[in-house]
Amino acid sequence: MSDASPERSGLRYPKLEHFSEPNVITTTADFIFSWARSHSVFPFTYGLACCAIEMLSSGFARFDVARYGMEVFRPTPRQCDLMIVAGTLNEKMAPVLKRLYDQMAEPKWVISMGACATSGGPFYDGYNVVNGVDKIVPVDVYIPGCPPRPEALFQGLLELQGKIQQHRFVAEKPAIAAGVPAVAVDAPAPAEES
Amino acid sequence: MALEIGTNPMEMDTIAARLVADFGDELRDVRVQEPDTIVARCDKSVLKDLAGRLKSHPEIGYETLNFVAGVDKVSHIESIYHVYSWKTNTYLELHVELPRAKAEVDTVTGVWPAANWHEREAWDMVGIKYLGHPDLRRILLKDDFVGHPLRKDYVDLVENHPHV
Amino acid sequence: MFEQFDTPEPDEAVKLALRRIDEATARGEGSDVEGLAFNEVVVNMGPQHPSTHGVLRLVVTLDGELVKDVIPVIGYLHRCKEKLAEKRTYFQYIPIVDRTEYVAGINCEWGYVMTVEKLMGIRPTRRAEFIRVITGELSRIASHLVAVGTFTADLAPLGTAMVFYMFRDREGILDLLEELTGARMMFNYFRFGGVRYDLPDGWVEKCREFMKRMPKMIDEYESLVDDNAVFLQRCMGKGVITQQDVMDYGITGPNARASAVALDLRRTRPYSVYPELDFEVCTLDHGDIFDRYKVRMMELRESVRIVEQCLDMLPKGPIQLGSLRAPYVITPPPGSCYVGQENPRGEFGTYIESDGSRYPYRLKFRDPCFCNLQLFPKLLSGNKIADAVAISGSIDLVLGGIDR
Numbered sequence: 001m002s003d004a005s006p007e008r009s010g011l012r013y014p015k016l017e018h019f020s021e022p023n024v025i026t027t028t029a030d031f032i033f034s035w036a037r038s039h040s041v042f043p044f045t046y047g048l049a050c051c052a053i054e055m056l057s058s059g060f061a062r063f064d065v066a067r068y069g070m071e072v073f074r075p076t077p078r079q080c081d082l083m084i085v086a087g088t089l090n091e092k093m094a095p096v097l098k099r100l101y102d103q104m105a106e107p108k109w110v111i112s113m114g115a116c117a118t119s120g121g122p123f124y125d126g127y128n129v130v131n132g133v134d135k136i137v138p139v140d141v142y143i144p145g146c147p148p149r150p151e152a153l154f155q156g157l158l159e160l161q162g163k164i165q166q167h168r169f170v171a172e173k174p175a176i177a178a179g180v181p182a183v184a185v186d187a188p189a190p191a192e193e194s
Numbered sequence: 195m196a197l198e199i200g201t202n203p204m205e206m207d208t209i210a211a212r213l214v215a216d217f218g219d220e221l222r223d224v225r226v227q228e229p230d231t232i233v234a235r236c237d238k239s240v241l242k243d244l245a246g247r248l249k250s251h252p253e254i255g256y257e258t259l260n261f262v263a264g265v266d267k268v269s270h271i272e273s274i275y276h277v278y279s280w281k282t283n284t285y286l287e288l289h290v291e292l293p294r295a296k297a298e299v300d301t302v303t304g305v306w307p308a309a310n311w312h313e314r315e316a317w318d319m320v321g322i323k324y325l326g327h328p329d330l331r332r333i334l335l336k337d338d339f340v341g342h343p344l345r346k347d348y349v350d351l352v353e354n355h356p357h358v
Numbered sequence: 359m360f361e362q363f364d365t366p367e368p369d370e371a372v373k374l375a376l377r378r379i380d381e382a383t384a385r386g387e388g389s390d391v392e393g394l395a396f397n398e399v400v401v402n403m404g405p406q407h408p409s410t411h412g413v414l415r416l417v418v419t420l421d422g423e424l425v426k427d428v429i430p431v432i433g434y435l436h437r438c439k440e441k442l443a444e445k446r447t448y449f450q451y452i453p454i455v456d457r458t459e460y461v462a463g464i465n466c467e468w469g470y471v472m473t474v475e476k477l478m479g480i481r482p483t484r485r486a487e488f489i490r491v492i493t494g495e496l497s498r499i500a501s502h503l504v505a506v507g508t509f510t511a512d513l514a515p516l517g518t519a520m521v522f523y524m525f526r527d528r529e530g531i532l533d534l535l536e537e538l539t540g541a542r543m544m545f546n547y548f549r550f551g552g553v554r555y556d557l558p559d560g561w562v563e564k565c566r567e568f569m570k571r572m573p574k575m576i577d578e579y580e581s582l583v584d585d586n587a588v589f590l591q592r593c594m595g596k597g598v599i600t601q602q603d604v605m606d607y608g609i610t611g612p613n614a615r616a617s618a619v620a621l622d623l624r625r626t627r628p629y630s631v632y633p634e635l636d637f638e639v640c641t642l643d644h645g646d647i648f649d650r651y652k653v654r655m656m657e658l659r660e661s662v663r664i665v666e667q668c669l670d671m672l673p674k675g676p677i678q679l680g681s682l683r684a685p686y687v688i689t690p691p692p693g694s695c696y697v698g699q700e701n702p703r704g705e706f707g708t709y710i711e712s713d714g715s716r717y718p719y720r721l722k723f724r725d726p727c728f729c730n731l732q733l734f735p736k737l738l739s740g741n742k743i744a745d746a747v748a749i750s751g752s753i754d755l756v757l758g759g760i761d762r
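Protein chains in written order, with the numbering used here: chain A, 1 to 194; chain B, 195 to 358; chain C, 359 to 762.
Don't read these hints as lab results, they were simulated from the structure.
C-beta: ideal position from N, C-alpha, C; glycine also.
Some hints could be false.
Stated by the list, open to error - Each computed BS3-like pair below joins lysine-lysine, with the alpha-carbon atoms no more than 27 Å apart: (1) B/Lys267 <-> C/Lys441; (2) C/Lys445 <-> A/Lys135; (3) B/Lys242 <-> C/Lys736; (4) B/Lys336 <-> A/Lys98; (5) C/Lys445 <-> B/Lys346.
To be verified - Some but not every residue of chain B turned toward chain C, in silico, with C-beta under 10 Å: (6) Leu197; (7) Phe217; (8) His276; (9) Pro307; (10) Asp329; (11) Leu335; (12) Tyr348.
Put together the whole structure using the sequences plus the hints.
Written as structure tokens, this is what we have:
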């Protein structure tokens with residue numbers, strides 16, 4: 001799926017590399033911002049079904065998600081950066097998911113937790129089930145399991161931390177993934193991926 | 195008033211005989227299903243009246259509705275009412291057969307208020323129309339869903355899957 | 359990108375709420391202040407909401423802080439379970455039943471497996487019956503801990519210590535169940551005629567030790583909130599379920615028992631080895647939020663007693679009927695049957711119609727939370743919105759069961 005980056009939604013930030021080459025100041029600033037962002041993620045409690053109980057368990061005393069800085073589960077999307085979709089998505093809920101995803105501010109990431117959110121899970125042939133959250137929103141990390149243990153959720157969160165730390169918010173870096181072009185400021189906006 | 199359970203315990207055969215005696219012409223095919231259920235059948239035209247009398251029967255009042263299920267038996271459609279009697283601590287399973295082309299029956303919401311949502315679900319899933327229901331609209335599926343999924347001839351439609 | 363700022367089209371539930379306001383205005387029930395227009399607002403709570411315990415949507419008609427009417431909208435977790443039953447064999451369906459009321463998976467499996475066993479006319483082995491009761495009661499303890507924990511977490515958003523302690527102890531139970539069945543939540547443990555795995559070495563001792571610790575922990579939970587003036591003021595006298603409601607709407611479980619209705623399927627229509635066990639049906643009189651919370655705490659103690667008795671009475675023997683070791687495709691004879699079972703939330707029943715083939719012809723769940731939720735409009739109207747949140751927490755809903 002597409003890398004979660006500001007260009008995706010059409011917003012254009014003027015980047016510092018247009019004024020100077022990437023240098024030790026911009027890369028250090030990038031490093032600090034990315035490090036701070038990855039260690040203070042505010043998850044959005046989008047627990048739909050059984051995986052939500054495992055997500056709750058991971059927030060409490062035994063599997064403590066606060067050691068990663070992610071204990072601030074906010075119920076409103078406007079204050080969050082990470083949406084953890086935990087549970088089965090169905091056709092009635094899909095517009096709600098899209099709406100709440102739109103209400104989150106950039107930069108935002110999505111974790112699809114569990115087999116149902118990844119691909120429909122044990123209910124894949126239901127008439128009302130959407131086979132995977134990535135049909136509605138772009139997903140950054142998939143966590144398999146039914147339900148995934150809290151340790152599996154943590155591995156997903158750590159993967160996401162690694163992904164966040166690769167972002168460059170201040171200065172542009174050569175493409176991380178093969179085939180992702182670096183976008184110049186006067187090029188037309190890339191097409192919306194739906 | 196304390197709601198007691200089993201104040202009038204009766205043997206299953208006695209209950210069956212009593213039901214046949216009191217409702218003989220409306221309640222058909224009464225049989226006992228061990229250990230605690232009576233299964234019977236009735237016509238859709240007598241359902242509402244029969245339901246009221248079953249509920250207010252002095253010795254075996256079936257006062258609580260457990261669930262209403264719609265079943266698509268290919269030749270006809272059935273609406274099953276599963277009711278509970280506090281006095282005898284037994285169940286009654288009432289089957290009402292409806293023609294497939296016109297699956298309509300009177301609502302029993304006036305008798306058992308619990309039927310409200312159960313009948314909505316039967317309408318949603320199997321397409322049984324309950325005449326006189328105060329609020330018959332879809333309950334589990336989205337409002338613009340086309341078709342009734344638990345019918346045996348339901349085919350997954352593209353309109354119902356905009357996010358495929 | 360700017361769709362997020364559009365007001366969505368009112369759907370059926372909101373239109374119904376607006377229609378009801380119009381009808382009330384036409385009847386002359388407008389604002390009680392002379393000269394002011396009708397002042398009710400329709401507010402949408404959910405389906406994504408921290409206090410609705412899952413994807414429940416409440417379309418609330420508010421007059422200031424007072425709730426005038428509630429229209430619950432469900433179906434946001436409808437996973438087509440009843441249709442899937444027609445495409446899965448009886449054995450393949452056991453993991454799916456687990457996910458119906460996912461907080462108390464073992465109890466749901468038990469209800470389904472009992473119905474199929476009754477259709478087939480078989481009974482499980484005696485050792486398996488005792489193991490079923492032990493795991494069922496452990497699952498009941500875990501479920502009540504989640505229920506009461508999230509209820510207190512609603513009263514002050516995650517601000518109470520109670521939910522942390524309860525989840526800590528729930529982890530102890532999940533450890534026991536994980537050692538036995540292999541999974542923390544979706545156990546897939548019951549089989550037709552028995553259970554899948556036998557108790558591992560040392561499990562009985564660990565379970566006994568945990569049950570010895572449990573009463574002290576229950577005392578600790580109660581000491582946290584029972585004397586708290588704010589908790590008592592918020593919970594006493596609010597959200598009363600009357601006995602007429604219990605009869606009219608089919609309310610079962612702790613919600614009914616808190617209204618002095620001694621309806622416990624383990625006693626009134628006993629199954630498994632419950633007739634041989636000594637436990638009490640916990641009832642209280644007032645039917646308000648506090649009594650529902652207290653009944654659940656009392657049931658925790660009774661479940662501990664039941665588990666201890668079963669561990670003492672556990673017989674030796676096989677855990678599965680020999681004839682069902684393999685293969686696992688069963689074809690019950692044609693017929694239909696309904697069996698109700700005491701879930702932590704009430705009567706969880708399965709109605710199965712079989713036509714003699716490998717797949718069920720029709721499977722219908724009688725879910726306790728579906729029946730309990732019907733009471734919401736009557737129960738929440740007339741209360742302030744904060745009380746509405748407390749009441750809905752005390753009813754203990756699990757949307758997986760409501761929406762199936």
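The hints, checked one at a time:
1. B/Lys267 <-> C/Lys441: holds (14 Å)
2. C/Lys445 <-> A/Lys135: Cα-Cα ~25 Å, so holds.
3. B/Lys242 <-> C/Lys736: Holds. B/Lys242 to C/Lys736 sits at ~25 Å (cutoff 27 Å).
4. B/Lys336 <-> A/Lys98: holds (16 Å)
5. C/Lys445 <-> B/Lys346: holds (12 Å)
6. Leu197: holds (4 Å)
7. Phe217: violated (21 Å)
8. His276: Because about 6 Å separates B/His276 from the closest Cβ in chain C, which is inside the 10 Å limit, the hint holds.
9. Pro307: This interface hint holds because 5 Å falls under the 10 Å limit.
10. Asp329: holds (7 Å)
11. Leu335: holds (6 Å)
12. Tyr348: Where the cut-off is 10 Å and the nearest Cβ of chain C is about 8 Å from B/Tyr348, the hint holds.
Violated hint: 7 only; the structure is consistent with all others.
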